[in-house]
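Enquirer: Chains S and A, in that order, give the protein sequences.
Just so we're aligned, residue 1 is where the first sequence starts under the UniProt record's numbering, counting upward by one.
Just so we're aligned, residue 1 is where the second sequence starts under the UniProt record's numbering, counting upward by one.
Source of the hints: derived by calculation from the structure; they are not laboratory data.
Accuracy of the hints is not assured; some may be wrong.
As the list claims (entries may be wrong) - Simulated coverage check for chain S against chain A, where a stretch passes if three residues somewhere in it have a Cβ under 8 angstroms from a Cβ of chain A:
1) 7-14
2) 20-34
3) 105-113
What the hints assert, rightly or not - EDC-like cross-link-like pairs, simulated, lysine to aspartate or glutamate; straight-line CA separation at most 20 angstroms:
4) A:Lys204 x S:Glu23
5) A:Lys205 x S:Glu36
6) S:Lys116 x S:Glu23
7) A:Lys205 x S:Asp10
8) S:Lys159 x S:Glu173
Heads up, the beta-carbon is just placed ideally off N, CA and C, and yes, glycines get one too.
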Amino acid sequence: MSRTVYLVDDDETVRSALTLLLETVGVTVKSFASPEAFLTQAANLPPGCLILDIRMPAISGLKLQEKLSAQGIFWPTVIISGHGDIEACRRAFRNGAIDYLRKPVDEQDLIDAIQKGQAELEACQQRAAERAEAQALVSALSPRESEVLEMIAKGVTTKQIAHALGLSPRTVESHRAAIAAKAGTTSTAELTRFWLEAQGDP
Amino acid sequence: MKQRARRKEAEQRADLSALETRLAHASRVNAMGEMASGMAHELAQPLTAILSQAQAGRHLVRRGDVEGLARVLDDTVAQAQRGADILERLQRWSRPNRDLAQACSLNDAALRVKRLLGREAQAKGAVVTLDLPNTLLQVKADPVELEQVIFNLVRNALDAADRARVLLRARRVGDRAVLEVSDDGPGVPADIRERVFEPFVTGKKDGTGLGLALCQRLVEEMGGDMELVSGTAHTTFRLSLPIAVS
Ligand SMILES: Nc1ncnc2c1ncn2[C@@H]1O[C@H](COP(=O)(O)OP(=O)(O)OP(=O)(O)O)[C@@H](O)[C@H]1O
Ligand SMILES: [Mg+2]
Chain S
1 MSRTVYLVDD DETVRSALTL LLETVGVTVK SFASPEAFLT QAANLPPGCL
51 ILDIRMPAIS GLKLQEKLSA QGIFWPTVII SGHGDIEACR RAFRNGAIDY
101 LRKPVDEQDL IDAIQKGQAE LEACQQRAAE RAEAQALVSA LSPRESEVLE
151 MIAKGVTTKQ IAHALGLSPR TVESHRAAIA AKAGTTSTAE LTRFWLEAQG
201 DP
Chain A
1 MKQRARRKEA EQRADLSALE TRLAHASRVN AMGEMASGMA HELAQPLTAI
51 LSQAQAGRHL VRRGDVEGLA RVLDDTVAQA QRGADILERL QRWSRPNRDL
101 AQACSLNDAA LRVKRLLGRE AQAKGAVVTL DLPNTLLQVK ADPVELEQVI
151 FNLVRNALDA ADRARVLLRA RRVGDRAVLE VSDDGPGVPA DIRERVFEPF
201 VTGKKDGTGL GLALCQRLVE EMGGDMELVS GTAHTTFRLS LPIAVS
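All chains, please: the whole structure from these sequences, using the hints.
Expert: Written as structure tokens, this is what we have:
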């Protein structure tokens, strides 16, 4: 667990006790006394798993989740709470929380939740990297090549592409070869994936 | 004819008072619900700290880090104590009405509180002044409870600022004894002003928010009422209690 975990809880002793526990098992923790304090710094922090208490004065943890999404920050969030308010729990999950733990929080549950969050963060960053790669590829194509790739992705045959674009099948083949060279693959499935990813579809 | 009308009136009155009883009961049940949920949250905090500290302590023992463990244990004891304080207050809260009320002197209660908090006031550079009437002000209350109410108010005043000037002023107004506890501190934070008497409303980092709620409840049991006086330069809590008839 190499990434920093962000802890937001207004109770100083809870904050320092949870920090102590996580640090003794090798997790780096940065804690915040209020959602406001976290919000003002969030944009400058490296992504990490967030542990939020949902009964805090001023902005509650739930509102914080909503405000973070509004800033485009979607970090895996574990909600901790001192009371089992079902409605609050439901809303937390609707806002994308990955887990909801009742206080007092057990060490193992917390660590499991953080691990799950960090795995999610990795996967998310992996996807983002793949998308960036696909986008770089597509933007390196000539306009004609990108037209051809779009049609390949739609499952159109070479002959049909040639017909639709008013080219000879050989020219289409050579465009395709150029695309394959740039993408480093001749597989239609891979090329299709590149196109779709570059379009931003999941 | 007249008799029937009278009976009807009596019945209506009875209905009304039954309704009042039901309403009072409903609001008590509601307050209990709030209380239970607040209590769960309040107790969850020290418990969370204790559990985390104990689990961290287990790791430290395995590593033979005795010094680290000793520090953790001190914190754990403090948190267990915090839990016990909350429990004690809740027990006072839920204790059934007892008929301990007796005529006791408001002046004496104020004096005792001043003495009890003397050292704390001194440590904070505060000055507590009494402005009491020469005549005896007897109210119907359990002396310990009366003292507790005043104690909480003065304690809050001392907490509000260092070097506070705190004034306890008692006087008789008709058939009531009125005690005002005022201080020259920053005043109750605006965002909790409307709710200061609700349980668990606190403006302090380590407050339970039960002090004023408990005071209000005790005062109501004494047949009196209390309020945060608005529009005064000093922060003033006013207590009004029925004079005991001997
Ligand atoms: N004299 C005062 N001046 C300023 N603020 C006050 C004063 N008295 C009460 N308050 C505010 O009202 C809040 C509620 O007071 P209350 O006594 O109910 O709980 P508390 O003092 O926070 O907790 P505890 O009594 O358990 O220590 C306080 O936290 C404080 O913010
Ligand atoms: Mg208090």
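Enquirer: Next step is simple, just say for each hint if it's right about the structure.
Expert: Hint by hint, here is what the structure shows:
no. : hint                : in the structure
1   : 7-14                : holds (count 4)
2   : 20-34               : holds (count 4)
3   : 105-113             : holds (count 3)
4   : A:Lys204 x S:Glu23  : violated, 28 angstroms
5   : A:Lys205 x S:Glu36  : holds, 16 angstroms
6   : S:Lys116 x S:Glu23  : holds, 18 angstroms
7   : A:Lys205 x S:Asp10  : holds, 8 angstroms
8   : S:Lys159 x S:Glu173 : holds, 10 angstroms
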